[in-house]
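Could you slot chains D and B onto chain A? The hints should help.
Protein chains in written order, with our numbering: chain A, -12 to 337; chain D, 487 to 897; chain B, 133 to 445.
Possibly wrong hints are sitting among the right ones.
The calculated lysine-lysine pairs, modelled on DSBU-like cross-linking and capped at a C-alpha distance of 30 Å, are [as the list claims (entries may be wrong)]:
1) D/K875 - B/K315
2) A/K277 - D/K566
3) D/K763 - B/K211
4) D/K691 - A/K77
5) B/K316 - D/K875
6) D/K690 - A/K77
7) D/K690 - D/K661
8) D/K799 - D/K546
9) D/K667 - B/K211
10) D/K883 - D/K555
11) D/K894 - D/K691
12) D/K800 - B/K211
13) D/K763 - B/K284
14) B/K211 - D/K720
15) D/K613 - A/K77
16) D/K782 - D/K546
17) A/K77 - D/K695
18) D/K799 - B/K211
19) D/K836 - A/K77
20) D/K782 - D/K854
21) D/K667 - D/K883
22) B/K284 - D/K894
23) A/K77 - D/K854
24) D/K667 - D/K613
25) D/K555 - D/K566
In short, the hints are calculated from the structure, not lab data. If you're wondering where the values come from, they're calculated on a predicted model, not measured in any experiment.
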Amino acid sequence: MTRRSLALHLAILAAGVVAPVLFPGHTIQFAVLWIMILFALTWDTMGGQMGYNSLGNILFFGLGMYVCAATQIGLYYDLASYTASSGAIKIDFTDPQYFVGLALGVLLAAVVPVVVAAILSWVLFGLRGPYFAIGTLGAAIAAAELTAAWNYVGGGSGIAMPVFPGGPGERERFFYFACMVGTVFCYLFLRWLYRTRFSLAINAIRDDEDKAEALGLHTRRYKMVAWSVSAFFLGIAGALFGNMTGFIEPLEVAYPTLTFGIFMVAMTLLGGKGTLWGPIIGAVLFYTIKEITWTYLLGWQWIALGLLIIVNVVYFQQGIMGWLMQRKPEWFGVRVDPAPAGDAAARGRE
Amino acid sequence: MKGITINSARLGAAVAAALVLAGPVAAGDDTITLGSAISITGKYSQEGKNASDGYNLTVKMINERGGIKINGKTYKLAIKYYDDESTPARTAQLLERLISQDGIKYMLGPYASGPTKAAAPVVEKYKIPMVEAEGASRSLFTQGYRYLFAALSTSEQYLAPAIHLAAELAQKEGKKPSDLKIAMAFENDPFSQDIRAGVEEDAKKLGMKIVVDDKLPRDLSDMSATLTKVKALKPDIIFVSGHTKGAATATRQMHEMGVNAPMVAMTHCESANLTGKFAGAAEGILCPTQWAETLKYKDDLYGSAMGFNTLFKKTYPEYNIVPYQAAQGAAAVEIWADAFRRAQSFDSEKLRDALAATDMETFYGHIKFSPAGNNIAKPMVLRQIQGGKYVVVAPSKYASDPVVFPRKPTN
Amino acid sequence: MDRAGLMAGAVVSMWENLQILIAAPVFNAQLLINGLTVGAIFALAGYGLALVWGVTNVKNLAQGDFVMMGGYIAYELGKHGVHPIAALIPTAAFMFAFGWVVYRLVIRRVIQLDLFTSLLATFGLAIVVQQSLNLVFGPDVRTVNSGLGEIKMFGGMVEVTEIRLVAFGLCVLLAAGMVLFMKKSRMGQAIRATAQDARAARVLGVNTDRVYALTFSLNAAICGAAGVLIAMIWVIQPFYGIAYSVRAFVIVTAAGLGNLTAVIVTALGLGVIEQYSGFVLGAQFQQATIVGLLLAILIWRQVVLMRQRKALQ
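Pulled out of the complex, with its shape left as it was, chain A reads as follows:
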């Protein structure tokens, strides 16, 4: 890592650490910002790097959320009784119980989506392009509907999450740092991953899958691993988000296909897919603008969002990073030699 880039990374980390102290009222918003960054990064692994645009990544988010909730409560109480007839039992956790439950919950929330991703990839990866997108969207909707029909996890009534032990403000800070750590870990992992042969392989799949397969690449394996990586981090994000919100239910909190599910895509496209920093920039920009304008554009905010997606998709496909790479290739270590005079003359004749 160059010194400049190291300085940049440290500056961002410092800002992340300091933010909830400076603006305590916005802690949860900042935590959600980290989650948005994670959303964009994990979507890009599939969509940008591998060319498999998934509209249903939110499935793992919701799955992680529910797995974590079930673990946290189920370890010490009977989940079915808790969810039946709307929380007739009161759940009370001692501090160690809560944290053990949370830790185990987050762990399972990371692992179970990976298993599901592996199974689903066997089922869905024969589809390509828009069929894959529609198929994943269908899977996410199906997950939401099935969860809503399953009484064991509360069905449509949802689950009220265990309360965080600790004073006011502590809960927000705890989860903020948890989200930050999760996202930073995701970033570092992907950063490493994109420097290995693995990323070359998935880029090859993106560029021309049939040729890649013809060259002997086990495309199915790579696709499954890529999706599992996304699932892993999304599950963790879901677990944390569920605890932050305090109350989870299938259609709006856990599997919001029409909001978070689409944000993932919009943010990455905005920032530039296929790059490491594109999703991050896109997420930060998108979410910041959204939060600021939300209150002012009351009533119009969603329309503005839809228009943003259309404009982005139609006119600005390369995203911010792509645009930057075109305009300032020197920033990315690409040296552009000035064309020799003869060529310019030749080009002038065209």
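Below, chains D and B alone, put in the same frame as chain A:
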């Protein structure tokens, strides 16, 4: 993020306020500001508006009468609103902002059970009392929250008067309540499922058999498959609860498919405008309501329930009927004012205790909180659509007309 | 409550529901009629989607929202005293114009791009439409009264609303009209030519841009008409569009792009399956069944193609 300057101004104001021994925290020194994160946009925006219009009307009325007197000084009321977009995640987020950033210490509830379920742990954690009037889920009151108070009747009571009425009528006919068969369709969302839980419990206690128990998906507007089943099984009671959509769809499709039972009860009749849109088809349907303008409640601020009804329609002419959401909202602010007057203090703990000790009559109904925080002094009232109008038929103490039973088929 | 007991209870009630159908076959008739009439309307949405997809290769995720738009136009016209059935023509005309404008502004630019981009563009469009409807009409459900009655059959056991029969008839008419248009008119031929091979059609003098515009606008008009019918039979709400989009996709994925007959048969079948799943499994599984069908069809097509070492794209 509004920038550093406003934050330091707020910081300065907060410090100054703290120095004045926790005086009212707001823009002016003689205003008590309540806070509310409510559905200004999103799928509950209509009901959110009903509730906030109710909040605002009471604030206006109290301020017009001079405000609230505490320790010899008079204070006006004000409310700071944020839009939670009808999503629980945002409700929690915005409440934290109201509490920690805006320094509001007295909360009014959001709309609907989901957002209230997200709000409750937040106010509990920060020890900020909240008087809510739009979140009826019973599970809000089984968790031992000390800072949550609800003016409205909780969800499991919604259809209870109907079930008990059915049991009564069965006995009059010489049948046992346990002979009765129930068909029910509830939407698959927290509120409707809470109502269902109440019905299931009551049915079990009385030994009634449930023959159809469907959970309606939220974005589906067709009940015909469910109703075909109902037609085949000929139940004695049909229950439907699915917000406005459920009431409208059920009424129309029951009429179209010739589905009927001796007793048909559904929620949200008023918001679905059954008497306006489905005149003949809606005849005989039983509709529980939290409040009706014909009830004989009284208070000082509005005079009577009808007095509130008239004043509300005058202040907000866009309403043809005053929905009970508005009435409960108005009552919530009255409860806060009453607590301030009795506590004569701005301290959250004293106010919490004052709220817990509430025992007042309002135009909306009698308010008395159980130790868990729900209102145990106001029953749900059952109305029936007779001749295109809503008339109160149960409980008998409030009934203005006898119930028409069994319900005649509409086609 | 015991978990195993709950599951057992669910299975038992499904079995009981099935037994009703066996014991009283007349209710099958009710389910069939309801399913066929709703399927006819799905067929409209499905056919429009197949048309746009086949000709322009754009997968319109905003299909269901166009349907809702049509319903709202009928609702608005109804407030001014226009009978909903009479509103069919102006609604279709308005939606046609709307489709034309959308084509010029958005679709035209994404047609040449990769397939996911066009999908996402229509998704953005869906959001804009939904939220605009929400802004203008509010989130409460709306409905219009057709003023028609019911027909009783089998001694009152089966009832069909006249509006459903009217809707069915209209769908048949529209389908017939579309087939005639495609087969006999010059524009229809141009459309079919463009669908087969756009470049060749262009070379032969067909104005493919016009064809694309017309196709997209026709789709919008068809959706609008479907929406009017839906407003009369059920209720409309700004966010219910996705239910119809999903069903349209299921139909097109199962039936393929070229065959109107296949689309109709699939759509009718889908309607009936939905009714039966709601009856036997319970309403909570109705949506899940549809989405499950979509996944099942996608997987099955994929398996078939994999035998040939191809992929579904």
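The hints, checked one at a time:
{"no.": "1", "hint": "D/K875 - B/K315", "verdict": "56 Å, violated"}
{"no.": "2", "hint": "A/K277 - D/K566", "verdict": "21 Å, holds"}
{"no.": "3", "hint": "D/K763 - B/K211", "verdict": "13 Å, holds"}
{"no.": "4", "hint": "D/K691 - A/K77", "verdict": "22 Å, holds"}
{"no.": "5", "hint": "B/K316 - D/K875", "verdict": "57 Å, violated"}
{"no.": "6", "hint": "D/K690 - A/K77", "verdict": "22 Å, holds"}
{"no.": "7", "hint": "D/K690 - D/K661", "verdict": "17 Å, holds"}
{"no.": "8", "hint": "D/K799 - D/K546", "verdict": "14 Å, holds"}
{"no.": "9", "hint": "D/K667 - B/K211", "verdict": "41 Å, violated"}
{"no.": "10", "hint": "D/K883 - D/K555", "verdict": "37 Å, violated"}
{"no.": "11", "hint": "D/K894 - D/K691", "verdict": "28 Å, holds"}
{"no.": "12", "hint": "D/K800 - B/K211", "verdict": "25 Å, holds"}
{"no.": "13", "hint": "D/K763 - B/K284", "verdict": "23 Å, holds"}
{"no.": "14", "hint": "B/K211 - D/K720", "verdict": "38 Å, violated"}
{"no.": "15", "hint": "D/K613 - A/K77", "verdict": "19 Å, holds"}
{"no.": "16", "hint": "D/K782 - D/K546", "verdict": "24 Å, holds"}
{"no.": "17", "hint": "A/K77 - D/K695", "verdict": "29 Å, holds"}
{"no.": "18", "hint": "D/K799 - B/K211", "verdict": "23 Å, holds"}
{"no.": "19", "hint": "D/K836 - A/K77", "verdict": "26 Å, holds"}
{"no.": "20", "hint": "D/K782 - D/K854", "verdict": "18 Å, holds"}
{"no.": "21", "hint": "D/K667 - D/K883", "verdict": "27 Å, holds"}
{"no.": "22", "hint": "B/K284 - D/K894", "verdict": "17 Å, holds"}
{"no.": "23", "hint": "A/K77 - D/K854", "verdict": "23 Å, holds"}
{"no.": "24", "hint": "D/K667 - D/K613", "verdict": "46 Å, violated"}
{"no.": "25", "hint": "D/K555 - D/K566", "verdict": "21 Å, holds"}
Checked against the numbered hints given earlier, the structure breaks hints 1, 5, 9, 10, 14, 24 and satisfies all the rest.
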